[in-house]
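Asker: Chains as they are written, first to last, in this note's numbering: chain A, 42 to 286; chain B, 65 to 312.
Hints in this document: simulated from the structure, not taken from any laboratory. A quick note: this is a predicted structure, and the numbers were derived from the prediction, not measured. Hints may contain errors.
According to the in silico footprint, chain A covers these stretches of chain B (three or more CB under 8 Å from chain A) [unchecked claim]:
id, region
1, 233-246
2, 287-296
Covered stretches of chain A (chain B as the covering partner; in silico rule of three or more C-beta atoms under 8 Å from a C-beta of chain B) [claimed, not checked]:
id, region
3, 148-157
4, 183-191
5, 199-206
6, 212-222
7, 231-242
Calculated Cβ distances over 12 Å to all of chain A for the following chain B residues [as the list claims (entries may be wrong)]:
id, residue
8, P155
9, K167
10, L279
Yeah, the Cβ is synthetic: ideal placement off N, Cα and C, and Gly gets one too.
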Amino acid sequence: MSFLQPIRRITLGAPLLLVMLLLLTMQVNAASNASIQASIYSNHAVNHVPYNAKVHYVRQMVHDGHLAPTVHVLDSLPPTLILQFPLVPSGIKASFPNAKALVTIVVGSHNDSPSHTVTVDVQNMPPNITFTIFFIELANKPFGNVEYVADLTTRGDGSGESIFQLITTLAFAMDARNPGTSQDNAEGLTSGINLEHMGMWFSSLQDAQKVLNNDSLTGTIFDGGNPPLHAGPQAMTDGQTAPVF
Amino acid sequence: MLRYISHSTRTYSRSRPVIALVVIVLLGLLLAACDSSSSQNTQTKQTTSGGNSFPTKAPPLRTPAFGTPGQVAPTVKVLASVDPTLIVQFPLSPASIKSLFPKASALVTVFQNPVANDFDTVTVDVQDMPPNVKFTVFFTELSAKPFGHAEYVGDVITRGDGSGESVFHLITFVAFAADNRNPGTSADQSGNASGIQLEHVGMWFDGLINARQVLHDPTQKGTPFDGGGGLLHAGPQAMTDGQTLPVI
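Chain A on its own, in the form it takes in the complex (with noise of 0.2 Å):
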């Protein structure tokens, strides 16, 4: 009796110890493959990011000086491009010095998207004001032809953005009975004169007036609408000679 005791042990423990090896192989099995998928996607991921001609093509402009130097061309998938770029303080520098806008463009594919999206976010600006954007010819003075897009009003806390969808990288100006011809980096010769710059400006006369402590600024043309001359001095510029966009 004593005798058969460990031999009954023995026969009554070995198919446990079985399974138990069986599903430790198993685990082990299933976390290798799982090791190994992943090890896999992710070369895939590395390996085949698309190219994305249009991203290289622009940045290839900001490198050779036809595109401004402030101007990022974001890693953006085909066929999108998306560029970036800041507007620095003009007329509010000396009042606010940390005033600070971003741009940003998405352009999407050439032949299916209707309009290019435009964000404008601004910080530290003067509180609780309407601006008015517009594309210009030159960034400064005398700002040339121009072309009034949105308008973006600031909170309280001097932040704001603004969103709006239009042609903009090949915004340009023009009268048909006679429209003349500009050159475009990216495009060559273009009809019309293009609108290359951005600029926001004080919607109102008197709100710049109020703002900067000056009562002898006088009015421009940067706002829509009755009577002429009722908008304020430039506010922000993205101060480039070379195109922003």
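Could you slot chain B onto chain A? The hints should help.
Answerer: Frame of chain A; chain B shown alone:
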């Protein structure tokens, strides 16, 4: 066996008060839970039914003023809308595509909230247009040739059935063109204003080649009504508001 039964009976009879106590506590908790959920329901009902803050009928409509009477195109419909919105609609009619696409139609809707407004919203819906063609949309000084000053707003790309739509967000009702070196003034809906007012809307073939193909006319000449490389690479005007008086 008997001894075991008698032992368990004794044990049971000893623990009976404890079990009864547990049952009572559990029942108490259950009742309390029911009561609290019922009182919560009552509170919710009070919040929803006692507030009286939700409207029970639609807000009133009014037709806002738009421009000076007699100084807006008769095709412009100002919709009765809820204060403070301004919504105007007007059609575009076929221009160069009239003979081949006489049923082509476009409806332009411009939305503005004059109180809190960073830009206006423009929707262009087209039907029965040449299929699978890209058209450019411009704000212009004049609706017919020579069109005058123009602003490139966006594109509309038609589907295979000739329908399509685009939405743009930009300054519309006070759009103007100006060269700041010599801006001049002109009459706007709101009175005299800086620059040259752009108060008409038109659509152009974005490619001359497309236009020649669609219109079966290889003699068509290029126009400046598209941005980008290649001088005069756009085609003729496809749709026009056709009005002398402003539409926007």
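Asker: Looking at the structure, which of the earlier hints fail to hold?
Answerer: none
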